[in-house]
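Residue numbers (the numbering used here), protein chains in the order written: chain B, 1 to 501; chain S, 502 to 1002.
Hints listed in this document are in silico derivations from the structure and should not be mistaken for laboratory results.
None of the values given here were measured: they were computed from a predicted structure.
Where a beta carbon is used, it is the ideal one built from N, C-alpha and C, also for glycine.
One should not assume that every hint holds.
[What the hints assert, rightly or not] Heads up, simulated EDC-like pairs for lysine to aspartate or glutamate below, C-alpha to C-alpha not over 20 Å straight-line:
(1) K878(S) / D912(S)
(2) K55(B) / D559(S)
(3) K55(B) / E555(S)
(4) K205(B) / E711(S)
(5) K9(B) / E834(S)
(6) K680(S) / D891(S)
(7) K706(S) / E210(B)
(8) K9(B) / E66(B)
(9) K706(S) / E753(S)
(10) K55(B) / D67(B)
(11) K10(B) / D602(S)
(12) K10(B) / D125(B)
(13) K207(B) / D707(S)
[Claimed, not checked] Covered stretches of chain B, going by a simulated chain S footprint (3 or more residues, C-beta under 8 Å):
(14) 7-19
(15) 29-41
(16) 58-66
(17) 226-233
(18) 468-477
Number of protein chains: 2
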Amino acid sequence: MEEKMQELKKRLREIYDIHSALSVLSWDQNTYMPPAGTEARGRQMSTLGRVAHEKLTDPALGQLLEDLSSYEKSLPYESDEASLIRVTRREYEQAVRVPSDFIANFYNHTAQVYQAWVEARAEDDFAKVAPLLEKTLEFSREYAGYFPGYEHIADPLIDRMDYGMKASAIQSLFSELRKQLVPLVEEVTSRPSVDDSCLLQHYPKDKQLEFGMNVSRKLGLDFTRARQDLAPHPFMTKFAHGDVRITTRVKENDLGEALFSTIHETGHALYELGIDPSLEGTPLHGGTSSAVHESQSRLWENIVGRSRGFWNHFFPQLKEMFPSQLGNVTLDEFYRAINRVQRSLIRTEADELTYNLHVIIRFDLELAMLEGNLAVKDLPDAWRSRYQSDLGISSPDDKNGVLQDIHWFMDYIGGVFQGYTLGNILSCQFYEAALKAHPEIPEQIEQGEFGTLHGWLKENIYRHGSKFTSEELVQRATGSTLTIEPYIRYLRKKYSELYLT
Amino acid sequence: MEEKMQELKKRLREIYDIHSALSVLSWDQNTYMPPAGTEARGRQMSTLGRVAHEKLTDPALGQLLEDLSSYEKSLPYESDEASLIRVTRREYEQAVRVPSDFIANFYNHTAQVYQAWVEARAEDDFAKVAPLLEKTLEFSREYAGYFPGYEHIADPLIDRMDYGMKASAIQSLFSELRKQLVPLVEEVTSRPSVDDSCLLQHYPKDKQLEFGMNVSRKLGLDFTRARQDLAPHPFMTKFAHGDVRITTRVKENDLGEALFSTIHETGHALYELGIDPSLEGTPLHGGTSSAVHESQSRLWENIVGRSRGFWNHFFPQLKEMFPSQLGNVTLDEFYRAINRVQRSLIRTEADELTYNLHVIIRFDLELAMLEGNLAVKDLPDAWRSRYQSDLGISSPDDKNGVLQDIHWFMDYIGGVFQGYTLGNILSCQFYEAALKAHPEIPEQIEQGEFGTLHGWLKENIYRHGSKFTSEELVQRATGSTLTIEPYIRYLRKKYSELYLT
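Given the sequences, and given the hints that come with them, work out the whole structure.
Shown next as structure tokens:
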């Protein structure tokens, strides 16, 4: 069995090395690649994607997993080796349903659609990317078709990112959440609006980046194993246990843009950097699901990064870096500004209360597209009309509308957006559990100390990588299943204090 | 045959896609990768290197080449298809001699040795990299061993980079060159030294980079298909016909460093960007040899970039960008400063007259190492003693000595350095041929117009990629074989005017 485990690990290491190379190619396309490189980049990714998929679906790997199954049963469920066999089997069984040609073609397609999206967004020209997006929709429906017997056509796509979740369960969760959020948003936005003009002054790019990196470092990001670059859309990607990349974008007339996206991506990076290094080169060395990943980015961005305690520590430093902009601003004014609730157009810039309404719009629209009830050509109008009905505003252009988010333009349609709201929900569950174990955390945050919180998250979430499913992990870490109560409690408390007292 | 050609092209496209991915991984390691990524990067490159090598040595590819050989004979030698079959066969026959395991291990090794070199150079600690360099020497000797029957152990390594060249031929060429150069250097350096202090003032990094990019653009580099980043050692690499990268490094107290390295790498990039795009995804889409590649970088850097005419056009712009540094400097003073001949320590900063002496030292030392006549541990002393005897100076430290160049620390020992001097020689042959066809070129350069020269080079050299060997290409473009006369003529004329009149 020792020999078979070695053989399994050797095969997996190769597959994940190729996946890491793919991530480098994709990162480069998103950060530095000249536009004329697009066509060849698609081909390169397609070739590597095919090789990796062929290696993952090699019948010899299937045989190996079968040979190892009694060994697996002899081991504790949570042991590294049992988990490795179990999770590899899940990935193998998923992968063998999808032809290598399909995978290769889709990689090629995503490189082209990404570039078209960059241009379409810059030129506010949805028509430029629409034919490619139609193709993406076809790919997405075809992907689902490889998993017959699904309840909803989105389910196989959701399963890819949030194993075990179904559209129906998410819909009922979202409907409950909506019921709680809408009146709260109504109540808060009926109050006098908060002044956030202090954020909307001129903040030079270099200084913004420097401050963001300082915060990131303080939160625990190790820049000998990570770096930050600029990209049209902030993201995190990992090439190795010792090499994680985050990106941000800067608006010189809006301090919040780079700052909070840096904290958000730092949260993702801390998760990946916190995984047990012995799991490297296997499917276990990565966050377990989109939902848990977003729980970490949103936890650091919002629960920590938009808390009063956090700025109790950082605001003096921020003022020192931007004395002319913030010299006359009080901590309270700043705290209110970064938590201003408003019905707005851009998801990534939305406040915590309205954020999920943005997500739910996207989730509903992608389901409608997958079901065949919404054509790509009608998407911009559908977008506008949902923003109007759900948020009471709507974008006259598409670049601040349907073109604002990268996701549909770099992956399948379906499977990604639910993770943000599930992540918001989980972030509060995890944070409550951490506080229960370490009630001193809020005080430490006020002192700029994040080690206890980081340590708890690492111990209970990060180090396990993908050994456990979302569901198992949440149960282990919090003693409960996914539930919206802590999240609603958190929002109610924070925004009542801010707006309703 | 049509079908077999398609099959051949399909296989080659895959192989070159993987090679391009390897180039991205290597570029990233040289530019942005955090040091902790080294170990995994080596593994990733090793995995891709193995896959590419297995695909290239697939017996089915050999069979295809055999099946195509009568078709090849039916085609004109210089046709794209005949060239493709011929050059692929050469690469195939070379590759099948080398085991995939060897290739995979060597890729892994180079990623580690590169990182160790970066650190060793920064810390001036040769011992830190010496054990890895010993391993490189073993790899290099082992590589040669796969080609029994060579005349000199360096020949298989030279053949890899400069197909058809042998150590013996290079040695006799270098000895002839030395005979001509040494007295010229003696003569020139016996004259009063030139004042180049105008270059050694403070020049802010950003402005240096901006000026270099402007020059590069003016020379014809298309920045929609290329970009420049910073790296510890300037280099050029290509990922696709539409995606070529150059790097530079900046010294804020030396204007020449970034400027001339940018022009040098621009020359390499113009070559790669000028190859017929229909050759992409095949072994024909790349410069034909190290020598011809260096002929282009050195032609643009020196014959063009260090000429009086070139600065006739650019000096006013340079003065405008750096008025406080250059306001009182005349064009003649500047021209003399950038052509100051001096016995110096650093190859990449050496003037045209002494440059080849630096190369010959390296070539001799690598031959001695490969022959087993020089141990790695004795290399720093051997380096110093050769600098003392050949150039009359020697570096007290290793970072400006044996650790200055990247080459032995990122590839085999042997096969690379001769290309620089062969390139210098060829640059003058090519330039003379271009002038014969277009005597107006020098006047155009004075006007900042480079299109005619660029056009001639593209027509006679660039577009062919690797269709022709160095020897064939030189014959076609200049009507003669490689010869040092034009080079000696050029140096004599330029440096007599500068120093001896």
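We went through each hint and held it up to the structure:
1. K878(S) / D912(S): 19 Å, holds
2. K55(B) / D559(S): 17 Å, holds
3. K55(B) / E555(S): 14 Å, holds
4. K205(B) / E711(S): Holds, at about 18 Å.
5. K9(B) / E834(S): 65 Å, violated
6. K680(S) / D891(S): 12 Å, holds
7. K706(S) / E210(B): Roughly 18 Å between the alpha carbons, so the hint for K706(S) and E210(B) holds.
8. K9(B) / E66(B): Given pair K9(B), E66(B) holds - Cα atoms ~15 Å apart, limit 20 Å.
9. K706(S) / E753(S): 6 Å, holds
10. K55(B) / D67(B): 18 Å, holds
11. K10(B) / D602(S): Given pair K10(B), D602(S) holds - Cα atoms ~14 Å apart, limit 20 Å.
12. K10(B) / D125(B): Violated, because 47 Å separates the two Cα atoms, which is more than 20 Å.
13. K207(B) / D707(S): 16 Å, holds
14. 7-19: holds (count 4)
15. 29-41: It holds, with 10 qualifying residues against the three required.
16. 58-66: violated (count 0)
17. 226-233: holds (count 3)
18. 468-477: violated (count 0)
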